[in-house]
Amino acid sequence: GENVEQHPSTLSVQEGDSAVIKCTYSDSASNYFPWYKQELGKRPQLIIDIRSNVGEKKDQRIAVTLNKTAKHFSLHITETQPEDSAVYFCAANFNKFYFGSGTKLNVKP
Amino acid sequence: GAVVSQHPSWVICKSGTSVKIECRSLDFQATTMFWYRQFPKQSLMLMATSNEGSKATYEQGVEKDKFLINHASLTLSTLTVTSAHPEDSSFYICSAFTLAGSSYNEQFFGPGTRLTVL
Numbered sequence: 001g002e003n004v005e006q007h008p009s010t011l012s013v014q015e016g017d018s019a020v021i022k023c024t025y026s027d028s029a030s031n032y033f034p035w036y037k038q039e040l041g042k043r044p045q046l047i048i049d050i051r052s053n054v055g056e057k058k059d060q061r062i063a064v065t066l067n068k069t070a071k072h073f074s075l076h077i078t079e080t081q082p083e084d085s086a087v088y089f090c091a092a093n094f095n096k097f098y099f100g101s102g103t104k105l106n107v108k109p
Numbered sequence: 001g002a003v004v005s006q007h008p009s010w011v012i013c014k015s016g017t018s019v020k021i022e023c024r025s026l027d028f029q030a031t032t033m034f035w036y037r038q039f040p041k042q043s044l045m046l047m048a049t050s051n052e053g054s055k056a057t058y059e060q061g062v063e064k065d066k067f068l069i070n071h072a073s074l075t076l077s078t079l080t081v082t083s084a085h086p087e088d089s090s091f092y093i094c095s096a097f098t099l100a101g102s103s104y105n106e107q108f109f110g111p112g113t114r115l116t117v118l
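For the record, the sequence lines run as chains A and B.
Going by our numbering, the first residue of the first sequence is number 1, and it counts up by one from there.
Going by our numbering, the first residue of the second sequence is number 1, and it counts up by one from there.
Be aware that one or more of the hints could be misleading.
What the hints assert, rightly or not - Derived coverage of chain B by chain A (criterion: at least 3 residues anywhere in the stretch with Cβ under 8 Å from a Cβ of chain A; other residues may be distant):
1) 42-49
2) 106-117
To be verified - With a straight-line Cα cutoff of 27 Å, these simulated DSSO-like cross-link-like pairs (lysine-lysine) come out:
3) B:K66 / A:K42
4) B:K14 / B:K64
5) A:K71 / B:K41
Stated by the list, open to error - Estimated spans, in silico, between C-beta atoms of each pair:
6) A:G55 / B:K55: 32 to 40 Å
7) A:V20 / B:D27: 34 to 42 Å
8) A:T10 / B:T57: 43 to 51 Å
9) A:P82 / B:K20: 46 to 54 Å
10) A:D59 / B:N51: 41 to 49 Å
11) B:E63 / A:H7: 37 to 45 Å
12) A:K42 / B:T17: 22 to 30 Å
13) B:N51 / A:K42: 24 to 32 Å
14) B:K64 / A:E83: 39 to 47 Å
Just so you know, the hints here were simulated from the structure itself, not pulled from any lab data.
We treat Cβ as the ideally placed atom computed from N, Cα and C, and that holds for glycine.
Chain A on its own, in the form it takes in the complex (with noise of 0.2 Å):
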């Protein structure tokens, strides 16, 4: 099955600063993958997704990339504010969904 890994386990910036998420991937017939913000005790809350035909996207101060040929994927939150802290999953999904293990964002005021 599908093997997706994530990095770094926890991250540290300060407001305003740029924050960076890597994850990796090992099934070349994933095609969606999605990034999620998940708050203690709630559900995760999907953030940015991109498709396999596209090599990047942002929506305003969130962006993520895609190589497909090295197969990794990665979130660019810029200008970091407090309430971006928070656990970060992103996903790779063909048929089902399989999570990388989370990073923990906390953005120090």
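Fit chain B to the known structure of chain A by using the hints.
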């Protein structure tokens, strides 16, 4: 986005009892529902894939006789944890998935059920 409900939101039960968790898609028909479990400070682990009218497909290492899944309609899937033990205590989350419309590939999560087995 589409709305998925999950019931109950939390449950405490005695060891050896069975617990049923319901997952409903409220405003769309879900061709597929996924069941995940999440331990504290860990990722979501896919337990099984549930398609309406057919048997669920379980991930490796998940006991199908312990985690019974029924997907009786396009809007309802249930997960029953049978003979629950303390190690089954976890956060269980369902998601609904549809191939229709502009949300192709997107899954919509329920709010989760916190199960505590004493």
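The hints, checked one at a time:
1. 42-49: Contact hint for the region 42-49 of chain B vs chain A: holds, 6 residues under 8 Å.
2. 106-117: holds (count 7)
3. B:K66 / A:K42: Answer holds: K66 of chain B to K42 of chain A is near 25 Å, not above 27 Å.
4. B:K14 / B:K64: OK: K14 of chain B and K64 of chain B at ~21 Å, within 27 Å.
5. A:K71 / B:K41: Satisfied, since the Cα-Cα distance of roughly 26 Å is no more than 27 Å.
6. A:G55 / B:K55: 32 to 40 Å: 39 Å, holds
7. A:V20 / B:D27: 34 to 42 Å: 36 Å, holds
8. A:T10 / B:T57: 43 to 51 Å: 34 Å, violated
9. A:P82 / B:K20: 46 to 54 Å: 39 Å, violated
10. A:D59 / B:N51: 41 to 49 Å: 31 Å, violated
11. B:E63 / A:H7: 37 to 45 Å: 32 Å, violated
12. A:K42 / B:T17: 22 to 30 Å: 27 Å, holds
13. B:N51 / A:K42: 24 to 32 Å: Since N51 of chain B and K42 of chain A have Cβ atoms about 27 Å apart, the given range 24 to 32 Å holds.
14. B:K64 / A:E83: 39 to 47 Å: Hint holds: Cβ distance 41 Å, inside 39 to 47 Å.
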